[in-house]
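Enquirer: So you can see what is in the structure, the chains are spelled out below.
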Amino acid sequence: MSRAMTGAQIVLEALADQGVEHIFGYPGGAVLPIYDALFQQDRIKHILVRHEQGAVHAAEGYARSTGKVGVVLVTSGPGATNAVTGLTDALMDSIPVVCITGQVPTHLIGNDAFQECDTVGITRPCTKHNYLVKDVNQLSTVLHEAFYVARSGVPGRVVVDIPKDIQFAEGNYAGLSNSQHKSYRPAVKGDEAAVAAAVELMANAKRPIFYTGGGIINSGPLATERLRELVRLTGYPITSTLMGLGAYPASDKQWLGMLGMHGTYEANNAMHDCDVMICIGARFDDRITGRLDAFAPGSKKIHVDIDRSSINKNVHVDIPIVGDCAHVLDQMLAAWKAKNLKVDKPALKTWWDQIDTWRARKCLHYRKRDDVIMPQYAIERLYALTRDKDVYITTEVGQHQMWAAQFFHFDEPNRWMTSGGLGTMGYGIPAAVGVQMAHPDSLVIDIAGEASVQMTMQEMSTAVQYDLPIKIFILNNEYMGMVRQWQELLHGGRYSHSYSEALPDFVKLAEAYQAVGIRAEKPSELDDAIKEMLDTPKPVIFDCRVDKHANCFPMIPSGEAHNNMLMGDDLTGEDLEKAITEEGKVMV
Amino acid sequence: MAQPGSAYSLETKVQKPETHTMSVLVDNEPGVLARVIGLFSGRGYNIESLTVSETEHEAHLSRITIVTTGTPMVIEQIKNQLDRLVPIHSVTDLTVLGHPIERELAMVKVAGKGEKRVEALRLAEAFRAQVIDASTEHFVFEITGRQSKIEQFIVLMQPLGLVEVCRTGLAAIARGPEQM
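Protein chains in written order, with this note's numbering: chain Y, 1 to 588; chain C, 1001 to 1180.
Hints are computed from structural coordinates only; laboratory data are not their basis.
With a cut-off of at most 25 Å between alpha-carbon atoms, the simulated DMTMM-like pairs for lysine to aspartate or glutamate come out as follows:
| hint | chain 1 | residue 1 | chain 2 | residue 2 |
| --- | --- | --- | --- | --- |
| 1 | C | LYS1016 | Y | ASP318 |
| 2 | Y | LYS182 | C | GLU1054 |
| 3 | Y | LYS182 | C | ASP1083 |
| 4 | Y | LYS522 | Y | GLU501 |
| 5 | Y | LYS182 | C | ASP1093 |
All chains, please: the whole structure from these sequences, using the hints.
Expert: Have a look at this one:
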């Protein structure tokens, strides 16, 4: 079934066989043969971005919102190095991306040729695996293997570096095969004994909590379904990391909100006081745990993760289960039912009563104002006015991202695209491009800050070129807000280089891109402006002028435990000064 | 002083470091050693000794023997991190399996005349080191054995005109009839 064709044709044939419909890329000398082959076919649609970093973020948005593998095509040298930030972002958040890079011809590799770089060397630490293809007859096998590796186990990013002469050379295309990979076979099913022990521990819990993460989303719709079933069956409270939002519906009464540094008071206190923690598809990241030696003291921990190296990395757990979330949740449900386990109802009642007292603290409360738009209010209104819409949210990184996580609520998975692990400013616009490409009829909004958004602003041009009506909702406070917040808390209010003294006029900027610009400056005009944005069938940049000094609370100050949160509504300047200890300041 | 906690976590418990010998079976393909070494340097692990050679020619498999030091938590991480590299077939902690057989080969160049030269040769015989190159002014000895034996031999050669030493690093295999 193998057929002779050029390397460039093999690339497209393999992509088509893998079910790829869209690729994000940017041409250049070393990938011209592939671009030539792309020109002569119509199965795969190419989206021309404006910067290679944008190509990877777009592929991430595409992958995260569909569950498919995102595909990127870039040239050698600067094409590959520009992609590195995106690849690292995908590494940290476990997003499946295959990135094809052109390389100088084989005989020039190592000669410091024009636009040459050691792509495989540079991307080794930021990929799950990478390949330099030096034989055209290996090309199809390598490409199919790349997709297998990208979507198996912890989803990941794989780079395939293809020298230009290999793209021209004629070779055999071997189709999809079902043969197993010779060494890489991650576990999917959890150990039955561990699952049995886990459900016993869960059933005997007095103060249980589910702590879930992006692994549930990565595992797919089945994992979400099973998680909801298990959480409802037990009646236990559930919280999630930034990456896991949407796996459990935010409108449900068992939902405590996000946990971690800017998580809710109830979620963090419940984590601190729990006696059994059921961690599924999350990795005890340092933004979650806060002070490690005070993290959920006195709790027994169950940890389900497909990546064995995530287990016992930061926090010692009592029952580790290595496996895919969907499979393990299935096993847990089966074991729970087979053993006919019952929860301790009186204990659970007491626990929920306690949680309700924390909830009553209303930690997300902020002071509304008539003269200026509070950023929290802007997101609340955006959420309220889009509730009946089929909406996908991307974000940049900073205060606006945390407010979006706190005030925009998600009832379904794959609706929330954000850069969690790497914290990449500039993620939002290109990710929105990718999401809109995958969901042309949906509403895609990038909740942005005016600083982040300028890092990849040029992708507006991409959105306009492909008629992608993405909405860039900028909370404009003229500061790098999160940097300013830390400077206020830790550095005596010395706002070193966190204020942008010159900013573009975002409305005019939108017009320059042939998009639509809208501005709102007063709370009274916000709703109408948002409605105007939603009714505009074109890309929009929305310049929402917000309070310049708002801080993101609640917050676990650095060096503190979960049950020692800073709240927003009752702080004076003096409280803020004292909030973080001298030792804590060193660590941020 | 009390340990300050932090958003970036400090090491709260300092465990005692242990030395472990691991045997790693990998595809013999370009870059595989760079992946293994990059993992160690990128995550701040120590490599005390590393040897690698193709051991199964038909399957193109190489065996890497790594001696590393770290706390039990770090050792577990090293194993798990190695295990998730795509071209790695298996990772075996030989130290956990129980005293593995460990050998190293060294070539030791000693230059000298007269009584020192005679003494060097006499000691070499005692250590079962072989002379693999010689002139009237020097010997090159080949010595195989446990690391402690080689260390000892080198120390003895020091006052007798030691010029330079080349060592292979440790090769190790588990005891008993089973395959790793």
